[in-house]
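Since the structure of chain A is provided, determine the placement of chains B, C, D, E and F on it from the hints.
6 protein chains.
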Amino acid sequence: MAVSIVLPIKKVFSLVDSKIVVEIKDEKRKFQGRLIAVDEYLNLHMDETAEYVDNQRGRNLGTVIIRGNNILTISPLI
Amino acid sequence: MAVSIVLPIKKVFSLVDSKIVVEIKDEKRKFQGRLIAVDEYLNLHMDETAEYVDNQRGRNLGTVIIRGNNILTISPLI
Amino acid sequence: MAVSIVLPIKKVFSLVDSKIVVEIKDEKRKFQGRLIAVDEYLNLHMDETAEYVDNQRGRNLGTVIIRGNNILTISPLI
Amino acid sequence: MAVSIVLPIKKVFSLVDSKIVVEIKDEKRKFQGRLIAVDEYLNLHMDETAEYVDNQRGRNLGTVIIRGNNILTISPLI
Amino acid sequence: MAVSIVLPIKKVFSLVDSKIVVEIKDEKRKFQGRLIAVDEYLNLHMDETAEYVDNQRGRNLGTVIIRGNNILTISPLI
Amino acid sequence: MAVSIVLPIKKVFSLVDSKIVVEIKDEKRKFQGRLIAVDEYLNLHMDETAEYVDNQRGRNLGTVIIRGNNILTISPLI
Numbered sequence: 001m002a003v004s005i006v007l008p009i010k011k012v013f014s015l016v017d018s019k020i021v022v023e024i025k026d027e028k029r030k031f032q033g034r035l036i037a038v039d040e041y042l043n044l045h046m047d048e049t050a051e052y053v054d055n056q057r058g059r060n061l062g063t064v065i066i067r068g069n070n071i072l073t074i075s076p077l078i
Numbered sequence: 001m002a003v004s005i006v007l008p009i010k011k012v013f014s015l016v017d018s019k020i021v022v023e024i025k026d027e028k029r030k031f032q033g034r035l036i037a038v039d040e041y042l043n044l045h046m047d048e049t050a051e052y053v054d055n056q057r058g059r060n061l062g063t064v065i066i067r068g069n070n071i072l073t074i075s076p077l078i
Numbered sequence: 001m002a003v004s005i006v007l008p009i010k011k012v013f014s015l016v017d018s019k020i021v022v023e024i025k026d027e028k029r030k031f032q033g034r035l036i037a038v039d040e041y042l043n044l045h046m047d048e049t050a051e052y053v054d055n056q057r058g059r060n061l062g063t064v065i066i067r068g069n070n071i072l073t074i075s076p077l078i
Numbered sequence: 001m002a003v004s005i006v007l008p009i010k011k012v013f014s015l016v017d018s019k020i021v022v023e024i025k026d027e028k029r030k031f032q033g034r035l036i037a038v039d040e041y042l043n044l045h046m047d048e049t050a051e052y053v054d055n056q057r058g059r060n061l062g063t064v065i066i067r068g069n070n071i072l073t074i075s076p077l078i
Numbered sequence: 001m002a003v004s005i006v007l008p009i010k011k012v013f014s015l016v017d018s019k020i021v022v023e024i025k026d027e028k029r030k031f032q033g034r035l036i037a038v039d040e041y042l043n044l045h046m047d048e049t050a051e052y053v054d055n056q057r058g059r060n061l062g063t064v065i066i067r068g069n070n071i072l073t074i075s076p077l078i
Numbered sequence: 001m002a003v004s005i006v007l008p009i010k011k012v013f014s015l016v017d018s019k020i021v022v023e024i025k026d027e028k029r030k031f032q033g034r035l036i037a038v039d040e041y042l043n044l045h046m047d048e049t050a051e052y053v054d055n056q057r058g059r060n061l062g063t064v065i066i067r068g069n070n071i072l073t074i075s076p077l078i
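Protein chains in written order, with our numbering: chain A, 1 to 78; chain B, 1 to 78; chain C, 1 to 78; chain D, 1 to 78; chain E, 1 to 78; chain F, 1 to 78.
In isolation and in its complexed conformation, chain A is listed as follows (with noise of 0.2 Å):
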């Protein structure tokens, strides 16, 4: 069960300090911001963070805090 050992959330944590796209589930919302800390839960503090709404961008909001179970995925912004 080696390959266990590389778990994703050490993905996670090597995005920090950088930017990042959150996907919130059951809303057609996403998060863009700088990934300040991140823990076991997924659980994201985040600074810079602007609001898209179907791919628009909407409200800056900022330093967040966002809970874990409620993202659906977390991808490094290309």
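It is worth saying that the hints were derived from the structure and are not from the lab. Take every hint as true, because none was put in to throw you off.
Any copy, or any two copies together, can satisfy a pair, since identical chains are not distinguished.
Straight line, CA to CA, 27 Å or less: simulated DSS-like cross-link-like pairs of lysine-lysine:
no. : residue 1 : residue 2
1   : K10       : K25
2   : K30       : K10
3   : K19       : K30
Since the structure is predicted, the reported quantities are computational estimates derived from the model, not experimental observations.
Then chains B, C, D, E and F, alone, in the frame of chain A:
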């Protein structure tokens, strides 16, 4: 993995005694109030809480405990 | 991190034996009744419980256990 | 914190071998049957289970395991 | 509290290698197939799985892992 | 209870480095891609990920972390 030492919850702890905005998952509602206490599940104890529906101020709720898993985001009130 | 010592659940414990209002996530329903017991998941044991739909008093439910994760908020009845 | 000693789950344990009504979150459905076993997550093992939709008796389900997190309330059948 | 010794998951363990019906929360879908393995979260490993939508047989899914928290009920196929 | 030794997650571990299909709860969406890593919550780290909406190929997502609780099913790509 030193980056994981500063957990997202630390940011929420730093907001105790100040005003916060809590966005609820799947509902067009927010709660605004003073954060009294928080635990590791992001359960919140707030007072002086007011409800906002579609950014319109609604009911005054006073003292309220919010279950963490139903929270989408927590932000400092600016 | 001394602020974390007073947990949100302590507030709920303090409400045992008194009347509370429980708002359910995603439903226009509330339960109002006397809090008998609560655990760390915010599972609640209530009695003398009445259901409120859109702020209209509905069924009398009597004794009921409510699963914590489906609770949005818990408040003292004022 | 002596009040926390009598946990909500104790009430559910006391219902083993008797008839209960289980209300499902977000669905206009209830399950009525005999409680065989329960665990700390409120997962339930029931038999002689019948489904009720809008208070109309529906299918007989017989033996069923219900996942605790999708349960809204558990009550004794009166 | 002797009643708690026979846990609901024991019933599910007893169904390994036999045919089961799994009802999904909030979806008019069921999965029917052979249970290969189950864990304490009620995550299921099934094979020979077929999807049923509104009681009509749908796609053959073959081998599938189902996340426990999205399961409403598990029953033996009768 | 020997049957419980082969856990469902073992099946998912065996899929690391191969192509999988991930069905999302409550959304008509699937993710197809290569599984890089998985943990005990079924959080997934995938790459070469493509989105499918109603079985139509959608966006290329590349690298993505998917939160386990929002996953309905995981299957090997056949």
